[in-house]
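Protein chains: 2
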Amino acid sequence: MMLPLIIAIVYRERCGLWFLIIGLLSLLAGFLITRKRPENMVFSMREGCIVTALSWLLISLVGCLPFFFSGQIPNFPNALFETVSGFTTTGASILENVEALAKCMLFWRSFTHWIGGMGVLVFLMAVIRMTGGSNMNLMRAESTGPSVGKMVPKAMRSARILYFTYIGLTVIMIVFLLAGHMTFYEAINTACSTAGTGGFAVKNSSMADYSAYIQWVVTVFMVAFGVNFNMFYLLLLRRWRQARHMEEVWVYIGIIIVAVAAVMINLYDVALTFGDNLRTVSFQVATIISTTGFTTVDFDKWPELSRLILVLLMFIGSCAGSTGGGMKVSRVIIMFKSMIREFGSYLFPKRVKAIKVGGKAVEPEVVRGVYVFLAAYICIFVVSMICLSFEGHDMVTNFSAVAASINNTGPGLGMVGPSENYVFFAGFNKFVLMFDMIAGRLELFPLLMLIYPPTWKGFFKNTNRRIE
Amino acid sequence: MMLPLIIAIVYRERCGLWFLIIGLLSLLAGFLITRKRPENMVFSMREGCIVTALSWLLISLVGCLPFFFSGQIPNFPNALFETVSGFTTTGASILENVEALAKCMLFWRSFTHWIGGMGVLVFLMAVIRMTGGSNMNLMRAESTGPSVGKMVPKAMRSARILYFTYIGLTVIMIVFLLAGHMTFYEAINTACSTAGTGGFAVKNSSMADYSAYIQWVVTVFMVAFGVNFNMFYLLLLRRWRQARHMEEVWVYIGIIIVAVAAVMINLYDVALTFGDNLRTVSFQVATIISTTGFTTVDFDKWPELSRLILVLLMFIGSCAGSTGGGMKVSRVIIMFKSMIREFGSYLFPKRVKAIKVGGKAVEPEVVRGVYVFLAAYICIFVVSMICLSFEGHDMVTNFSAVAASINNTGPGLGMVGPSENYVFFAGFNKFVLMFDMIAGRLELFPLLMLIYPPTWKGFFKNTNRRIE
Chain W
1 MMLPLIIAIV YRERCGLWFL IIGLLSLLAG FLITRKRPEN MVFSMREGCI
51 VTALSWLLIS LVGCLPFFFS GQIPNFPNAL FETVSGFTTT GASILENVEA
101 LAKCMLFWRS FTHWIGGMGV LVFLMAVIRM TGGSNMNLMR AESTGPSVGK
151 MVPKAMRSAR ILYFTYIGLT VIMIVFLLAG HMTFYEAINT ACSTAGTGGF
201 AVKNSSMADY SAYIQWVVTV FMVAFGVNFN MFYLLLLRRW RQARHMEEVW
251 VYIGIIIVAV AAVMINLYDV ALTFGDNLRT VSFQVATIIS TTGFTTVDFD
301 KWPELSRLIL VLLMFIGSCA GSTGGGMKVS RVIIMFKSMI REFGSYLFPK
351 RVKAIKVGGK AVEPEVVRGV YVFLAAYICI FVVSMICLSF EGHDMVTNFS
401 AVAASINNTG PGLGMVGPSE NYVFFAGFNK FVLMFDMIAG RLELFPLLML
451 IYPPTWKGFF KNTNRRIE
Chain C
1 MMLPLIIAIV YRERCGLWFL IIGLLSLLAG FLITRKRPEN MVFSMREGCI
51 VTALSWLLIS LVGCLPFFFS GQIPNFPNAL FETVSGFTTT GASILENVEA
101 LAKCMLFWRS FTHWIGGMGV LVFLMAVIRM TGGSNMNLMR AESTGPSVGK
151 MVPKAMRSAR ILYFTYIGLT VIMIVFLLAG HMTFYEAINT ACSTAGTGGF
201 AVKNSSMADY SAYIQWVVTV FMVAFGVNFN MFYLLLLRRW RQARHMEEVW
251 VYIGIIIVAV AAVMINLYDV ALTFGDNLRT VSFQVATIIS TTGFTTVDFD
301 KWPELSRLIL VLLMFIGSCA GSTGGGMKVS RVIIMFKSMI REFGSYLFPK
351 RVKAIKVGGK AVEPEVVRGV YVFLAAYICI FVVSMICLSF EGHDMVTNFS
401 AVAASINNTG PGLGMVGPSE NYVFFAGFNK FVLMFDMIAG RLELFPLLML
451 IYPPTWKGFF KNTNRRIE
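Heads up: the protein sequence lines correspond to chains W and C, in order.
Counting with my numbering, you get residues 1 to 468 for the letters of the first sequence.
Counting with my numbering, you get residues 1 to 468 for the letters of the second sequence.
The set of hints was computed from the structure by calculation and includes no laboratory data.
Each hint should be verified, as a subset may be incorrect.
Stated by the list, open to error - Examples of chain W residues lying across from chain C (beta carbon under 10 Å, computed):
#1 E247
#2 V251
#3 E304
#4 R341
#5 V372
#6 C379
In this text, a Cβ means the ideal position worked out from N, Cα and C, and glycines have one as well.
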């Protein structure tokens with residue numbers, strides 16, 4: 001919280017004091033908690049899940065305090081919603097007038113994206129330096145997608161490489177934005193929001209008022225932050241052959257190209273030059289598939305086919321191992337391939353082949369995991385839809401609000417479209433959507449664990465006794 | 001086609017002649033085709049699928065000819081749509097004024113439901129008497145749901161029992177309807193439509209103008225025809241213990257009770273007595289979950305929560321082994337249980353239990369089959385939605401049109417709501433919806449086989465040579 005404090009000092013904003021107070025208090029609390037060293041440093045899967053889920057809840061609770069106490073977002077559920085939306089890199093906002101906020105608050109808002117983007121725990125892990133085995137379970141709970149790939153044997157080193165790639169890309173993006181004559185403050189904000197694939201902007205018009213150059217830069221970086229970070233690692237090390245085998249990334253890029261082409265054809269009659277059309281469509285497609293949520297036009301007013309394509313992209317989402325959300329391209333690939341394989345096995349029962357992604361066979365447990373993910377996803381989706389329907393908004397609004405939350409996208413269609421916001425939802429449903437955001441961000445399971453009764457069975461009894 | 005001919009003679013309708021002509025021609029064609037006995041009487045899975053899918057296409061093509069030639073439905077795609085909708089027991093209609101049709105045509109329309117309901121091939125199997133092994137593959141392709149259960153070892157006997165239960169229930173229903181002072185003609189029509197869980201009615205107002213007694217009778221029988229037919233078999237043989245273990249049926253009834261209660265509470269402010277409210281809600285819930293499609297009110301005007309519940313029921317559908325459509329209750333149970341099991345295995349990796357449904361362990365292949373079904377279902381759904389979006393209708397209309405077709409329900413929401421019809425769709429999209437109906441009816445795979453290229457690889461070459 002020291003960074004927004006600096007911004008506050010630079011812009012002489014008094015509300016920045018709250019960052020100092022809350023920052024010092026949480027530093028104190030953290031110091032007190034970590035004083036007592038645990039006897040057993042090894043995490044079980046269960047503890048890993050619980051710690052992950054609880055720390056997201058905790059960081060959101062602490063993170064929303066500056067908004068609330070400073071009176072910039074006087075309603076507590078709203079302040080919490082904005083912060084959860086920030087840390088989960090969703091970008092769904094309850095603010096009707098973003099520009100009314102103090103600059104330090106806006107920066108904190110974008111910065112939550114940046115922190116959330118990398119995953120709070122990968123972040124903490126690199127800083128706090130815990131010992132060996134415990135990281136693996138946390139990583140499994142935190143890392144996006146079915147498997148991050150064992151690119152570096154040690155989790156610590158892996159975390160640091162991800163971390164440096166992330167910082168590096170953010171800095172490069174800031175440089176590119178500055179080259180487009182963006183102010184330094186706006187460049188940092190935009191880069192933080194893009195890096196976390198979040199989507200909080202500092203202007204009410206999101207990215208619409210910026211130059212074509214800035215929009216292209218943001219488009220390219222949105223796509224880049226949706227790419228599996230292993231890819232950058234492989235490219236940096238010039239391992240071309242392995243990079244060529246990153247099937248997920250190529251499918252991801254393929255989907256983007258097809259979607260851009262389809263939407264452009266669908267929007268053909270709109271009076272725009274080819275270049276403008278390409279830029280606008282690429283921007284919206286990139287913002288949705290990377291689940292960022294910046295916008296330059298109100299795509300809710302697009303024809304039906306284009307809207308549907310955007311909704312589908314929302315569900316597909318970005319690559320596993322990126323900062324983006326959604327179901328992840330790799331899951332879609334595995335589902336599709338296992339379906340085709342099943343066809344083959346009906347026809348020729350003796351010739352059953354394993355599913356291959358990127359040249360490597362996918363283990364049956366991974367395939368099962370993908371399907372169970374799908375089932376859990378549908379369950380959460382349906383329950384959330386039922387909760388939202390109590391309010392009586394139309395089906396498209398409810399559907400896209402849940403989709404935009406659980407996929408960490410941000411803007412949806414209808415009443416939660418790009419030019420609207422989420423403030424009209426009742427308090428209870430804001431909590432439902434917050435649950436969806438965190439569930440989506442943590443790949444569903446850690447948060448579901450929290451509400452699954454057997455998780456807690458005998459948990460408090462033998463925490464200290466059990467060695468697994 | 002002799003039955004509608006009789007109706008035509010009774011009501012002295014000249015257009016009934018077409019049933020005679022087309023009936024005789026198809027009899028002749030069928031006689032010619034079966035003259036040449038195949039050398040190899042054993043079906044492979046591949047041939048089973050192809051035969052099943054092709055016979056549905058063929059029977060629909062022949063079945064629509066009376067509508068078309070008599071000029072009662074002068075547009076060929078419309079006539080075909082109506083017939084496919086009939087044989088697949090969907091009940092989606094393109095007719096704006098049902099009552100304008102001749103009585104024999106209306107009967108043929110309801111009767112296609114009755115034929116389709118039991119499955120054209122189970123029907124044919126009981127009549128044509130083919131030899132042993134070949135039936136099993138056809139049954140696998142045709143029977144609804146993940147597994148019919150080996151209740152009777154021989155497929156022939158099994159088919160006959162299903163067949164007699166079906167006829168018996170239809171006759172009982174006719175008796176009950178006649179007791180409510182329905183005309184004999186209307187009673188037969190209504191019973192045929194209900195038995196097939198189809199939903200074609202002889203009145204424009206569907207079931208709204210009938211007495212409360214008739215509506216209750218239809219409600220009860222709609223629910224009954226959505227029950228796994230094994231249940232009736234077990235009840236007839238007084239095997240109470242086994243009947244108690246039909247978990248699927250109890251879940252099905254539980255879902256109905258919960259849905260009725262929820263919708264009734266949601267509709268509370270509507271000025272109706274408790275009894276009227278209960279009847280109306282029960283009727284709509286029963287019509288949707290059994291995927292019949294009769295209606296007594298325009299549920300598209302209901303509040304959002306109730307509409308959503310109905311859409312969810314549409315997807316769940318009826319029990320496996322019934323005449324209803326949808327994803328089937330047993331699939332939903334298996335998905336849900338496998339998800340819970342997966343949670344357990346994350347927490348306690350050593351204690352992995354098999355999934356049990358109705359006290360019996362479910363084989364992993366069945367679970368995998370359910371998930372592959374889900375994936376294929378989503379694929380077809382998405383592709384259909386994309387096709388429909390080209391027309392630019394709103395998302396709820398497209399979504400519910402596809403849902404109502406693939407689940408064989410009939411009425412949807414928005415422009416395909418209970419008081420509307422499907423006539424406005426372009427010809428191409430009518431074929432898309434027909435594809436969905438047949439795909440849904442045949443549990444997706446046989447029809448997908450037809451469009452899966454490897455199915456045809458070398459098919460014509462070694463049909464006569466291969467013995468599997």
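Comparing the hints with the structure gives:
1. E247: Status violated, d = 18 Å.
2. V251: violated, 15 Å
3. E304: Check passed: Cβ of E304/W comes within 4 Å of chain C, closer than 10 Å.
4. R341: holds, 9 Å
5. V372: holds, 4 Å
6. C379: holds, 7 Å
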